[in-house]
Amino acid sequence: MAEARVKLPDKVKKGEPFEIKTLVSHPMETGQRKGADGKIVPRMIINKFVARLNGEEVFSADLAPAISANPYLSFFTVANAGGKLEFEWIDDQGQKSAYTAELKVEG
Amino acid sequence: MTSNRTEYRRGATRRQVLAGAGALTLIGASTGRARAQATGDFAAALKKTLGEAQPKEGKVAIKAPEIAENGATVPITLTVDAPMTPASYVSRITLLADGNPNPEVAVFHLNPKSGKAEVSTRIRLAKTQNVVAVAELSDKSLWTAKKEIKVTIGGCGG
Numbered sequence: 390m391a392e393a394r395v396k397l398p399d400k401v402k403k404g405e406p407f408e409i410k411t412l413v414s415h416p417m418e419t420g421q422r423k424g425a426d427g428k429i430v431p432r433m434i435i436n437k438f439v440a441r442l443n444g445e446e447v448f449s450a451d452l453a454p455a456i457s458a459n460p461y462l463s464f465f466t467v468a469n470a471g472g473k474l475e476f477e478w479i480d481d482q483g484q485k486s487a488y489t490a491e492l493k494v495e496g
Numbered sequence: 002m003t004s005n006r007t008e009y010r011r012g013a014t015r016r017q018v019l020a021g022a023g024a025l026t027l028i029g030a031s032t033g034r035a036r037a038q039a040t041g042d043f044a045a046a047l048k049k050t051l052g053e054a055q056p057k058e059g060k061v062a063i064k065a066p067e068i069a070e071n072g073a074t075v076p077i078t079l080t081v082d083a084p085m086t087p088a089s090y091v092s093r094i095t096l097l098a099d100g101n102p103n104p105e106v107a108v109f110h111l112n113p114k115s116g117k118a119e120v121s122t123r124i125r126l127a128k129t130q131n132v133v134a135v136a137e138l139s140d141k142s143l144w145t146a147k148k149e150i151k152v153t154i155g156g157c158g159g
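From first to last, the protein sequence lines stand for chains A and B.
Read in order, the letters of the first sequence are residues 390 to 496 in my numbering.
Read in order, the letters of the second sequence are residues 2 to 159 in my numbering.
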């Protein structure tokens, strides 16, 4: 569906919260806007975002049309051991975009 | 007229044109009944978040510009004062905007694995208005903060 970008530290310290920044390309069509033909352009947004570490949810968000186009979300998480970070964006039609990153934890 | 318009379109970026179109739509929408409707929507959205409970002011901080030149993309950061341990953590932060056609902006779900209760995003604001954040802690207490953001160019169409 859409192209996703995720930024997180190369490695993190055990038990210390760190920030994850995410961006996905999407028009986030509000359903309020009129197109060139004068007709309302139907709503089409990403309404759900989930971040998981080794299968467990660490953060999620329900998004409304008031989130800007190309939704940006940054948040924190904390880990005691490394593993797989998975990110998922779901749009109004149920289409998913996914991104996976390897998390390295030291100390 | 036509040539002026063409000139204008050539000079402005696509985003500015879209934002401008949005502002025009909003001028139409913010009159009379439509406006009353929007206010009612905000009260309903707030009630949906709070239920019968009364939130206390505090613990939540909203960081956003005083004046947003472009309402189509306004950076905002929400921080909640909570240790984020299994004993005491933020479970939910709801973000509302009282002057948007649809006051709901986002609901963030956190847990002790979130580590720190800080979330940033970029939002659309149709006009100058208040953004309201409500945080629910693991002990079910509700905390709120409000901030007015002045919007130069509305962003519901962009």
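Certain hints may be false.
Short, incomplete list of chain A residues facing chain B, as computed with Cβ under 8 Å [stated by the list, open to error]:
id: 1; residue: Met-433
id: 2; residue: Ala-455
id: 3; residue: Tyr-461
id: 4; residue: Tyr-488
id: 5; residue: Thr-489
Not everything, but these chain A residues come out facing chain B in the computed CB check (under 10 Å) [unchecked claim]:
id: 6; residue: Asp-399
id: 7; residue: Pro-406
id: 8; residue: Pro-431
id: 9; residue: Ala-458
id: 10; residue: Phe-464
These are calculated hints, taken from the structure and not from any lab test.
Idealized CB from N, CA, C, for every residue including glycine.
Practice task
Go through the hint on A:Phe-464 and say holds or violated, using the shortest Cβ distance to chain B against 10 Å.
Solution key: holds, 5 Å
Handout entry: Closest C-beta approach of A:Met-433 to chain B relative to 8 Å, hint status
Key = violated, 15 Å
Handout entry: Hint check, A:Pro-406 versus chain B [nearest Cβ-Cβ separation less than 10 Å]
Key = holds, 3 Å
Problem - Hinted contact A:Asp-399 with chain B - closest CB pair below 10 Å - result: violated, 18 Å
Handout entry: Satisfaction of the A:Ala-458 interface hint, Cβ to chain B closer than 10 Å
Key = holds, 7 Å
Problem - Agreement of hint A:Tyr-461 with chain B interface, Cβ distance less than 8 Å - result: holds, 5 Å
Practice task
Have a go at the A:Pro-431 hint: is there a Cβ in chain B nearer than 10 Å to its own Cβ?
Solution key: violated, 14 Å
Handout entry: A:Tyr-488 as chain B interface residue, shortest Cβ-Cβ below 8 Å
Key = violated, 17 Å
Practice task
For the hint on A:Ala-455, just tell me whether its beta-carbon gets within less than 8 Å of chain B.
Solution key: Since chain B brings a Cβ to about 4 Å from A:Ala-455, closer than 8 Å, the hint holds.
Handout entry: Interface hint outcome for A:Thr-489 [beta carbon to chain B under 8 Å]
Key = Not OK, violated: A:Thr-489 not within 8 Å of chain B, min 18 Å.
The earlier numbered hints that this structure contradicts are 1, 4, 5, 6 and 8.
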